[in-house]
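Numbering (UniProt numbering), first residue to last: 1 to 264.
Where hints are given, some of them may not hold.
In silico EDC-like pairs for lysine to aspartate or glutamate, Cα to Cα no more than 16 Å straight-line [what the hints assert, rightly or not]:
#1 K90 to E126
#2 K230 to D46
#3 K182 to D149
#4 K144 to D178
#5 K182 to D156
#6 K210 to D242
#7 K184 to D156
#8 K29 to D59
#9 K251 to E228
#10 K119 to E86
#11 K23 to E69
#12 K90 to D134
Source of the hints: derived by calculation from the structure; they are not laboratory data. These numbers come from a predicted model, not from an experiment.
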Amino acid sequence: MEQPSQFEIYSFNTLYEHTFHEKYVHLIKNGNFTSFLQPIVKMKNDELFGYESLLRSKDQSFYPSQLFEIARKTEMHSILDKKAREVAIKGRTNKIPPGIKSFINFLPSTIYNPEHCLKHTFKIVEKYNVDPNDLVFEVVETEKIHDVDHLKSILDTYRNHGMKVALDDVGAGYSTLDMLSKLKPDYIKIDRQYIQDCHINKENQVFLQKVILLSKQLNIVVLAEGIEHKEEYEYLKSIDVDLAQGYYIGKPSPNPVLLPETLC
Numbered sequence: 001m002e003q004p005s006q007f008e009i010y011s012f013n014t015l016y017e018h019t020f021h022e023k024y025v026h027l028i029k030n031g032n033f034t035s036f037l038q039p040i041v042k043m044k045n046d047e048l049f050g051y052e053s054l055l056r057s058k059d060q061s062f063y064p065s066q067l068f069e070i071a072r073k074t075e076m077h078s079i080l081d082k083k084a085r086e087v088a089i090k091g092r093t094n095k096i097p098p099g100i101k102s103f104i105n106f107l108p109s110t111i112y113n114p115e116h117c118l119k120h121t122f123k124i125v126e127k128y129n130v131d132p133n134d135l136v137f138e139v140v141e142t143e144k145i146h147d148v149d150h151l152k153s154i155l156d157t158y159r160n161h162g163m164k165v166a167l168d169d170v171g172a173g174y175s176t177l178d179m180l181s182k183l184k185p186d187y188i189k190i191d192r193q194y195i196q197d198c199h200i201n202k203e204n205q206v207f208l209q210k211v212i213l214l215s216k217q218l219n220i221v222v223l224a225e226g227i228e229h230k231e232e233y234e235y236l237k238s239i240d241v242d243l244a245q246g247y248y249i250g251k252p253s254p255n256p257v258l259l260p261e262t263l264c
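Work the whole structure out from these sequences, hints included.
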């Protein structure tokens, strides 16, 4: 049997990848999206504090990680990022009561001019009569930030419109600890690598205590994400971490979830 040539194999793979990307590009432009909600609790009393809003396609055959990766490759990540903000704000109107926070991700790289690029977001907030104080806009891929002044201008724009801001993945890659005193976010989310086995890992404990001390000095609220076990939760509570998020508390869901009895 004659074997296909390298050119034929390459052409087939290229065609498959192009078709695969086209499906995702069509979804980004025209698809229906929703937000899955993952609960965040106050550690001092185990009460609900808010939800992180995570973008999902209503067509469950599309994976979120692939969606954002292809959006980046096709230079459509700014479109998807804007849709994610809109879906999260619109979605909270009939799911989340006033006073409960919504943590909404955004990519700083998609916002070249804060006042211009965020105008659409602020109009959505007004349209759905959402209290700006209930919204926390969360920088993702914090470790890739190199232009701190530009990021500060984005955070200041959100704040000037009455909203809160958060840094994600603190401790990962680029030394985000150095950024805290410059940016003074309202919240920080500690990278999950420092949360895993934190009750027994001494290096993680040293890092966590350092972050907590600095955050208290700067009046920043500390959120630990990626908590999967009771032992991690109890240790973090014992060292005065403010907020908690992770599968131990609740998985992302299309509707607000009840907190487990272990926290009540």
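So, going through the hints one by one against the coordinates:
{"no.": "1", "hint": "K90 to E126", "verdict": "10 Å, holds"}
{"no.": "2", "hint": "K230 to D46", "verdict": "13 Å, holds"}
{"no.": "3", "hint": "K182 to D149", "verdict": "9 Å, holds"}
{"no.": "4", "hint": "K144 to D178", "verdict": "13 Å, holds"}
{"no.": "5", "hint": "K182 to D156", "verdict": "12 Å, holds"}
{"no.": "6", "hint": "K210 to D242", "verdict": "15 Å, holds"}
{"no.": "7", "hint": "K184 to D156", "verdict": "10 Å, holds"}
{"no.": "8", "hint": "K29 to D59", "verdict": "14 Å, holds"}
{"no.": "9", "hint": "K251 to E228", "verdict": "10 Å, holds"}
{"no.": "10", "hint": "K119 to E86", "verdict": "12 Å, holds"}
{"no.": "11", "hint": "K23 to E69", "verdict": "13 Å, holds"}
{"no.": "12", "hint": "K90 to D134", "verdict": "13 Å, holds"}
Hint check: no violations occur; every hint is consistent with the structure.
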